[in-house]
Amino acid sequence: MNIVDVFKYSARSIRVQKGRAALTILGVVIGITAIVALNGLTGGFSNLISGQLVSGTSANTLSITPGGGIFGFATGTGGGGTPANLYTANLTGIEAIPHVNMTLGVYSKRVNFYSDINGSSVKYSATVTAVDFKRYGEMYSAFSTTGTGGLGTIPTDNNSIVIGYSLYEPYNNASVLVPFGQNLTMYWQLTNGSTVHYSLNVTAVLGQIGGFSLSGGPSDNGIFMSLGLAQQIFDTQQLSTIVVQVDQTDTATINAVTAAIKAYFAPAGTVSVSSATSLLGTISTILGTVSDLLTAIAAISLIVAGVGIMNIMTVSIIERTREIGILKAIGATDRSVMGIFLVEALMIGLIGSVIGLGLGYLGAFGLGSLLFRFAGATAGSSSGGRMSGLFGGGGTTFIPVVTPELIALAILFGVLVAVVFALYPAWKASRKPPVEALRFE
Amino acid sequence: MSREEIYEPLASGSNVVLETRDVKKKYMQGKVPVIALRGVNLKVERGELISILGPSGSGKSTLLNLIGALDRPTSGAIFIEGEDISRASKNRLAAIRQHIGFVFQYFNLIGRLTALQNVELPMTIKGLGSKERREKALDYLKIVGLSDRVNHRPNELSGGQQQRVAIARALAQEPRFMLMDEPTGNIDTRTRDGILALIKQLNEEKKVTTVLITHDHAVAQITRRTAYIVDGLLYNTKEEADAAEQVDLEKNAEYGDLVHRGEREGEEVPIQ
Chain A
1 MNIVDVFKYS ARSIRVQKGR AALTILGVVI GITAIVALNG LTGGFSNLIS
51 GQLVSGTSAN TLSITPGGGI FGFATGTGGG GTPANLYTAN LTGIEAIPHV
101 NMTLGVYSKR VNFYSDINGS SVKYSATVTA VDFKRYGEMY SAFSTTGTGG
151 LGTIPTDNNS IVIGYSLYEP YNNASVLVPF GQNLTMYWQL TNGSTVHYSL
201 NVTAVLGQIG GFSLSGGPSD NGIFMSLGLA QQIFDTQQLS TIVVQVDQTD
251 TATINAVTAA IKAYFAPAGT VSVSSATSLL GTISTILGTV SDLLTAIAAI
301 SLIVAGVGIM NIMTVSIIER TREIGILKAI GATDRSVMGI FLVEALMIGL
351 IGSVIGLGLG YLGAFGLGSL LFRFAGATAG SSSGGRMSGL FGGGGTTFIP
401 VVTPELIALA ILFGVLVAVV FALYPAWKAS RKPPVEALRF E
Chain B
1 MSREEIYEPL ASGSNVVLET RDVKKKYMQG KVPVIALRGV NLKVERGELI
51 SILGPSGSGK STLLNLIGAL DRPTSGAIFI EGEDISRASK NRLAAIRQHI
101 GFVFQYFNLI GRLTALQNVE LPMTIKGLGS KERREKALDY LKIVGLSDRV
151 NHRPNELSGG QQQRVAIARA LAQEPRFMLM DEPTGNIDTR TRDGILALIK
201 QLNEEKKVTT VLITHDHAVA QITRRTAYIV DGLLYNTKEE ADAAEQVDLE
251 KNAEYGDLVH RGEREGEEVP IQ
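Taken in order, these protein sequences are the chains called A and B. Under this note's numbering, the very last position in the first sequence is 441; numbers go up by exactly one each time. Under this note's numbering, the very last position in the second sequence is 272; numbers go up by exactly one each time.
For the record, the hints were derived by calculation from the structure and aren't laboratory data. Wrong hints could be hidden among the right ones.
[As the list claims (entries may be wrong)] A few chain A residues that don't get close to chain B, going by computed Cβ distances all over 10 Å: (1) N2; (2) D5; (3) V16; (4) S46; (5) N101; (6) K109; (7) N112; (8) A256; (9) E323; (10) A332; (11) S336; (12) I355.
[What the hints assert, rightly or not] Pairs of lysine to any residue, SDA-like flavour, derived with a Cα cap of 25 Å: (13) K18/A - R112/B; (14) K207/B - L233/B; (15) K8/A - A88/B; (16) K206/B - L233/B; (17) K8/A - E83/B; (18) K8/A - I411/A; (19) K8/A - T114/B; (20) K428/A - R92/B; (21) K90/B - G181/A; (22) K428/A - L409/A; (23) K18/A - L157/B; (24) K90/B - T145/A; (25) K43/B - A88/B; (26) K90/B - P55/B; (27) K90/B - V402/A; (28) K90/B - K18/A; (29) K24/B - T156/A; (30) K43/B - E83/B; (31) K26/B - K18/A.
[To be verified] A partial selection of chain A residues facing chain B, derived with a Cβ cut-off under 7 Å: (32) R12; (33) A252; (34) T333.
Ideal Cβ positions, reconstructed from N, Cα and C, are used throughout, including at glycine.
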């Protein structure tokens, strides 16, 4: 039998058993849909973060934080030991290190405020990033009101604040969370349990830049305050982060500066020095792991589909015993019989994979936009925590990443599972002795 | 999948299409060995129409399976156009079956295929091109008188029509001989005569060598030659067969039914 005829023959038997074939195909569809959707989603997610990282940070900045690594992960540049405290006085010392262009002291503090954007007064929270506005603007061009949606001008005095776009208009529907030009009353708790209230005038709204920031860079979700004022109202001399701009971006320079910074702080304790590149690497690794994990879970559903195929094939082959007998009686070899059943499985796998691919792509889009619109809507809300509104606003669009490799792999995997699980039943079918098969009722 | 091995007949020059020499077949029925054939000798010449008549359990079906290359004998030799197939490989047997025109009692058509596709099937298996297949299949359907039913599926055809499709399919194998197993066993008597006439006509006009296996004396009457199978042995005349049957009956009377000889449906041990 030539291969075209085998395909035609198998296609006919699939067509005759439409209902059953549809269910078998559905199993493959679910598996492939899950794989493609989850992979596309994490891929798109990864791209989104990288894109925002590039706009929010730059390759030539390093950030110094006390003690271990960022996110609680040792990023490879941190380490154990007593964490060193960071002070404004350290800035000049760091500026003396060769290749260091500029430094920036950042103090961050989580504060709460009330807004009646949803009709009643609800508690929200946001992070105050306290910096020298002038230097901040020099280091991060995104810290400006000239972008889309920006309002007012960055203040030069010490007594007013700047907010990110998501704090101004989180839903992109003209509802205002924090009014521009008015006082915003923030409050926070001291370690002794008492609550401090403080009001400051909102004199500028940043243009949309995206909701994600790292190590002090600007984002749509931040409240920005001058460092002097912050140190006064939060009653601290310490800094959360020192951002260092280096005049070279090559690894050797970055490593040398990193070592010099660590050496500088060594008498006081350990610091963690991370670059945007290394952070990006860490995030990619984490996302890669998440992606692998999700794919593995999706793959399980495909294995289940495979068992389904095996089951259906076994039943189908019992039902078609007589047909196998007839085929053999008129001269079909074992190989032809096996080929017919394998091709049937192959077609089921192929159809399922192609449908699953389409659905998975749509699924990644649907899930992505659902997830990120939701995230945007909770921007700044008290329940959202640190990650809230990470991806809101900023005119960022989520595009799932479905690469040709993913398409090829999904189809290959779908077909492979179908064929592998059909191997045994097909082999058994092909081995049926013709005399016995013909007698089967 | 490669094109199957094409059967190349030996240039024997002999006129014998099918020959069995002392063919014996023993199989296990559970743990009891049953001797179905006890040394069958049969010679069928090109162009012959022969019926093999025997009651149920005489070894008829076993013989059919052996000369149809569906099974191998326990001992003895089976020659098809001079080639001994009794020890042939599974693939070789399959290749030989491509040129044996099977016609079964229950038609054995494939339900989801149309009459035309069913007739094309043996040629599909041989790897013929689709155009050639179609033309030939239409020819064969015309020969059996079903030109107006080519696109009907088996369940849209009467029993007689289905058997005609099966005969057309057997013709499509370009058979060295046709092997028919109770071809009218599942057809009403009125239609039966039409099928028998067709079988006779194919033999006379197209010189199709035909072995017709039946238990029905009326069917056997259409053939010039009849062989009789009784208790695993083949006899050339009715007298010999009757005598053998008498002995068999006496034996059974003597031993009761302790030993069951011959086969029953569904109890054979297949080749593996």
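Problem set entry | Hints the structure fails to honour | Failing hints, ascending: 1, 2, 3, 9, 10, 11, 14, 15, 16, 17, 21, 22, 24, 26, 27, 28, 29, 31, 33.
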